[in-house]
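First to last, the protein sequences are chains A and B.
Anchor point for the first sequence: position 238 equals 238 in the numbering used here, and the numbering is continuous, going up by one each time.
Anchor point for the second sequence: position 171 equals 171 in the numbering used here, and the numbering is continuous, going up by one each time.
In short, the hints are calculated from the structure, not lab data.
Nothing here was measured: the structure is a model prediction, and the numbers come from that model.
Hints are not guaranteed to be accurate.
Not close to chain A: a few residues of chain B, all C-beta gaps over 10 angstroms, as computed [unchecked claim]:
{"no.": "1", "residue": "24"}
{"no.": "2", "residue": "51"}
{"no.": "3", "residue": "55"}
{"no.": "4", "residue": "340"}
{"no.": "5", "residue": "368"}
{"no.": "6", "residue": "461"}
{"no.": "7", "residue": "469"}
Which bits of chain A does chain B cover? Going by a derived footprint, with three or more residues having C-beta under 8 angstroms, they are [to be verified]:
{"no.": "8", "segment": "184 to 193"}
{"no.": "9", "segment": "222 to 235"}
{"no.": "10", "segment": "286 to 295"}
{"no.": "11", "segment": "318 to 325"}
Beta carbons: idealized from backbone N, C-alpha and C, even for Gly.
Here is what each chain is made of, one letter per residue.
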Amino acid sequence: MMQRLRPQSTSAVMYTVLLALCPGAVVSMWVYGMGVLFNMLIATVSAWGFEALCLRLRGRPILPRLSDHSALLTGWLLALSLPQAAPWWLVVAGVGCAIVLGKHLYGGLGHNPVNPAMLAYALLLVSAPVSMTTLWVDPLNPPEITLAWSAFLGIAPDGYTSATVLDLYRTEFIGLTQPEMQNHPLLAQSVFGVAAGTEWVALAYFAGGLGLLACRVITWHIPVGFLGSLLLLSALFAIDPDTATPPLTHLLAGASLFAAFFILTDPVSGATSPRGRLWFAIGVGCLTYLIRTFGQYPDAIAFAVLLMNFAVPMIDHYTRPRIVGRDASVRGSGGLS
Amino acid sequence: MADLNIQTTRFQLPGGIEPEMHKACSTETPLEQLDTPKHLYFPVHYSGGGRGESLVHVGQRVSRGTPIIQTDSGVVHCASRGGQIVCVEPRAVLHASNDISDTIVIETDERLDQDYLEPLSWPWTREILIQRALDAGIIGLGGAGFPSHQKWGAQHTLVINAAECEPYLTADDLLMRVDAHSIVRGACLLARTFEIQRIVIGIEDNKSHALDALTTAIQSARSDCHFEIVILPTRYPSGGERQLIWLTLGEEIQSGQRPSQHGILVHNPGTLAALSRAVDGKPITDRIVTLTGDQMRSPKNVLAPIGTPLTELLAAGHTDLEHISSLVIGGPFMGFEVMHHDVGMTKTTNCVLVRDPMPLPIEPCIRCGACAEACPVNLQPQLLLNALESQALERASHEGLADCIECAACNAVCPSHIPLAQWFRHGRARLQADTEAQQRADAARLRFTSRTERLERLAKEQEARRTARRAQSVDALARVRQAREGNPS
Chain A
1 MMQRLRPQST SAVMYTVLLA LCPGAVVSMW VYGMGVLFNM LIATVSAWGF
51 EALCLRLRGR PILPRLSDHS ALLTGWLLAL SLPQAAPWWL VVAGVGCAIV
101 LGKHLYGGLG HNPVNPAMLA YALLLVSAPV SMTTLWVDPL NPPEITLAWS
151 AFLGIAPDGY TSATVLDLYR TEFIGLTQPE MQNHPLLAQS VFGVAAGTEW
201 VALAYFAGGL GLLACRVITW HIPVGFLGSL LLLSALFAID PDTATPPLTH
251 LLAGASLFAA FFILTDPVSG ATSPRGRLWF AIGVGCLTYL IRTFGQYPDA
301 IAFAVLLMNF AVPMIDHYTR PRIVGRDASV RGSGGLS
Chain B
1 MADLNIQTTR FQLPGGIEPE MHKACSTETP LEQLDTPKHL YFPVHYSGGG
51 RGESLVHVGQ RVSRGTPIIQ TDSGVVHCAS RGGQIVCVEP RAVLHASNDI
101 SDTIVIETDE RLDQDYLEPL SWPWTREILI QRALDAGIIG LGGAGFPSHQ
151 KWGAQHTLVI NAAECEPYLT ADDLLMRVDA HSIVRGACLL ARTFEIQRIV
201 IGIEDNKSHA LDALTTAIQS ARSDCHFEIV ILPTRYPSGG ERQLIWLTLG
251 EEIQSGQRPS QHGILVHNPG TLAALSRAVD GKPITDRIVT LTGDQMRSPK
301 NVLAPIGTPL TELLAAGHTD LEHISSLVIG GPFMGFEVMH HDVGMTKTTN
351 CVLVRDPMPL PIEPCIRCGA CAEACPVNLQ PQLLLNALES QALERASHEG
401 LADCIECAAC NAVCPSHIPL AQWFRHGRAR LQADTEAQQR ADAARLRFTS
451 RTERLERLAK EQEARRTARR AQSVDALARV RQAREGNPS
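Just chain B, same shape as in the assembly (with noise of 0.2 angstroms):
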């Protein structure tokens, strides 16, 4: 039996704000599983785990864990269920981006068959494990969709967000409560794999029922690992990385470090869950989704295969594209607008959120630090948006451009709905792609003074080749004089 303390946190976020949270409307049915879908879309490069090559050929015929994409991070995606390969053709991605991938379709069938892994077993090295999360396609489930195995090295913390801090969202407080064995077991394995001693949980008071379940699955697992839950209060954006680290263990990540530099391991209890059933051989091939806002007609989580086309996904909250004004992947801070919606869902789709924005109109700011009480990095967006509105990156870069977090807090707050998120988000892409230009500038300027070095020295060189040359031709020239007025003939 796992050894077990829950207490509620000391710490405070510096901002921070208490929306609406309409999260009881999703959570109120129970989860539904999705039937399999006529079609199914993997793009080859926004599937999580950086850019990807197509493992399978068209007209092949895939089983339900099957690799069909290898990325360059090492992950491998697999196929979600059994079908044929119809085709692979460039398509609009689920992504922030909307940009446009190769997308492998896969046409489904009755088979049931499964294609699944060896299950590990224990002791395995920590190559091994990481080779697994690698072949199951293991990547962060929360979001970012980070891959999971470039963040294990050594640490001795793992906290799991089992926050769930965004507004509508509730996939993460279902799997909790129905698959908290799964996350539970996770979270011990990569300990013991690890040597990680701690592990912390770090949850909103708003999931008693999730809370229950974790409770519950820690006490009755058989492990000594020790777990600490620690309760959070409700209020955005308590989930966002280095805000739990704060509000969990009171540690501060400095600006510009990642939570592995401080020995601090940062998983989603998704990700945990996926990495107990790789470890069983099932590669990640279904994740939960949350259908909901106020347009969608039936609000539910369901578990739905990856590449589930939006519109199967609609279909299921009863809803169609005709009576939503706009559809939302994630929560209405963070989560981004979809422009085509005959795209496949991604591991990292947690929500679907279909609602009237109502969108008002923006007003001038007249600087009244809403936005900077709510701020969670304590910034002062109204600076912030000021040197942005004139161009001046690089005093928007003094004022902490780099240290936002882009949580959206101070949209929400703001009188004359500016929408700031979205000006720091452009801000700070046009900042990395300054310095990634500077340091392209930097590496061309070392390489032309290196090679104008290098040219003069080989001049140089030459140069004294032939002077010395010429030297030795005078001085033959004279020894031949020499010789010559010395023995006239």
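With the rest of the complex left out, here is chain A (with noise of 0.2 angstroms):
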């Protein structure tokens, strides 16, 4: 019965990833304002325009790659990482370079080393830190559309953006204990304590994530080798209430869940075996736990997936299973052809 359920083609598979997107991208607009739907409209624009443009190039045959739906996911997966008040060329560009560096240079789909989204917002907040950081919409003060649309066209005024939850942490909050930081209104105004508006968020693209799951696009391996890592290091760590950061907060607060189901679970650049991916997703978790508690940026995950998707050609050569006949599993590459 669950076999029938599996998408039959790469195409349905990708189209069930964009419906299970839905639910987080529509509470995300409910919560954060209409910046969000700008965004993705402009992602989706120019994820065609640019994938058009590179098949071209290539010489590729344009329909049927275009209707596999692969580059319009790629896009909106970036727009809803990006900062919900972005102007409307940090979208193109970012998918600019997910699409043109991050798939097509490698040789299209099926053929990025690297996950093409995490890899553009990566670029972008390199190149373009103050957007990156600053735009965040403050979920208790979501911008009215018209100021939405002029934050589109990066024009808008100030006074609708805020620092996210996991930013607070590691700034405003140092040297604060745990009920001054209670205090704050993202945490007062939330109905988990954790970070108003954002959870709903993270628990709708947990919600889209388990329709994956039952529909056996994805397996359990990487949710819960990532969310498992990142809750188990976090908890452990959590002794001191007055600075670290808890652990249901890196749960709900940050891209987490989002990543958990739809960034890491990228088949072609993550690893291929149950086991490989189990063991990708753990390294995700840590590096993000890491990165999140000692690096410079608020959130992580881009970097740690960036970095474990290097790791991958290790994790798949010591993480097949065992061929039915022999007595150990196969390790290493054989050989350098």
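Can you join these two chains into the complex? Each is in its own frame, and there are hints to help.
Rendered as structure tokens:
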């Protein structure tokens, strides 16, 4: 029965993931305002544009590849990762990086060594750090549609953005005690005491991710490995609530749930065997915790994913299952050919 | 009365898939005996058992059972019906290679004369049974057509492969329903001759009629053999030789070894039934063929004489060549597409499958791992494909290409519709060719070095002889001189 639910073609797989993104995207629009929708729309248009351009330059058939939805998925994933008040050029540049540098330079669909959306995110973060860190919408004060539109055009006055909760723990909360932290409006007005608004977005992604699990587009290994290692590490170091970021914040305040089901699960750039996927996800979880805690960046998923993408060939070599009839599993690459 | 024990398997296949089976359509109608066709075709080389040689000449009249082809392996193929040899000409064969072979064409007639062997009577020796298998043309009827007698030897367990796990195929199912007695008898006499202690039947749980028939046959058999029936879940490819051994006995055959090296003999039920008839003197002349597929107007099983042209089989299923898009011999997974239709069926033709294959566009591999999940030997087909696409045969071999059983379960689950199994089949053939070329090169190198050594040795010996001779002649000269000097004239 479950085998029937599984999408029967690559484009159906992509389409299912796009559908599963929708609950998160809708809740995102509700929490952060229409900037999210503008980002997604411009990402859609530019993803199709860059994909068609690259296919044309590479002399490949355009329509069959465009209709496999893979470019659209990359565009949406990036749009949903970017700051909600990002100007249009940031989105277009990001999607351009993802499709051109992240995917087609390596040979198109199926050949990219790293996650294209995360590659673009990391590039934007180092090349446009101000836009990437200061344009996060305050979920308690989301902009009206007109304001969101001017933000999208890059001409809006300030006043609707705020630091993210993960950021707060790294900056404003230093030196504060746990009860004092709870007085911050983002935490005080939150249902779970974690991050107002943001937590609902995370839970909506979680719901979409469960859908992907039910359709057998993804397996449990990656979400469990990633969330498990992240939660375990943050719980181990959360003994002192005044200095550590609590586990629930790691889970619900950043992009953890989004990444667990939609980013790490990119099959092309991830490990390929179930055991390999588990190790890959555990690696991303540990790196995410380390970078969030000790690194310079507020959210760390992009870098953690990219680093683990580079480790994938090695993981694949050491995690093959034992071939039936052999005494041990095959290790290593078996010659350099 | 033979002893019987029925149980469900305790073991599980690592991968495997649950395809739609499409079996019911061809089992609804009873087995039908096909009328003798006008012409019968017997390829000299691809009838099973290796390359062959014709034993008959044009114009000769043969009867049902007359030996007509002698093969390299010793297996003799017999005429399935009486008639006149009208010609021996090169024709396409019904084989995955779609090759051409000299083919004996028999024009059948109305006479029903038989040219059978003498029935054997117990006790007989192993050699006599082996000779009988050769004379009766017994080869594996499951599909590979391997000469059965070559597997017989020092085995302790006989596994009967009644899984028939491929969709559409019901020929074995029907055989078990109508002639379970012959299967049981064949197994018993093989076990008795070769002192096999254990007989295990592996059968999928979707064949309840066949299971009932087997149970009845075993319980009414006049033999002291002990039978075990292991019921397997319907899961492709539970009928693969190694997979079946794992599911029934829980034993894993080492990579690169054959089951016979583990003391296990695997036979298709059809082979055992044929052996039972061979002991009575009847060589293989007929077999059950499933005529099925979405484009077969009346799907059914027929008992057809070996050599029957495909067109006659299609006609029996009320279908003709104009109305079919593809014709596959065997199941949808492991069968092969037929390019020439004017060919005769062979002993291994278990199914004629006609359907619209609806080829889907091939998309790039996204490493989703669905194939690895389906692989019954735990290969990573996505990594294998990557190696083969980049012509890295060595890497593919390291990834376990040689362990692939070509079951094509990966093809069925690939969302990008990549024909993985075809890549692997091709890669395996190249690997085989490379190994053989390597062996030939090694042999040539060995020949060359030993020749060089030999020539060097000969040259040295010659040189030594020459030196010795020279020394001798110098000595002789010196003696002569000495003598001269000593005796001045």
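Verification of the hints:
1. 24: Non-interface label stands for residue 24 of chain B: nearest chain A Cβ at 19 angstroms, farther than 10 angstroms.
2. 51: 31 angstroms, holds
3. 55: Answer for residue 55 of chain B: holds, closest chain A Cβ roughly 41 angstroms.
4. 340: 33 angstroms, holds
5. 368: Violated, because the least Cβ-Cβ distance between residue 368 of chain B and chain A comes to about 4 angstroms, which does not exceed 10 angstroms.
6. 461: 45 angstroms, holds
7. 469: 56 angstroms, holds
8. 184 to 193: violated (count 0)
9. 222 to 235: Per the Cβ count (0), the hint is violated.
10. 286 to 295: Coverage by chain B is violated for the segment 286 to 295 of chain A (0 residues, Cβ < 8 angstroms).
11. 318 to 325: Result for this restraint: holds, n = 6.
Checked against the numbered hints listed earlier, the structure breaks hints 5, 8, 9 and 10; every other hint is satisfied.
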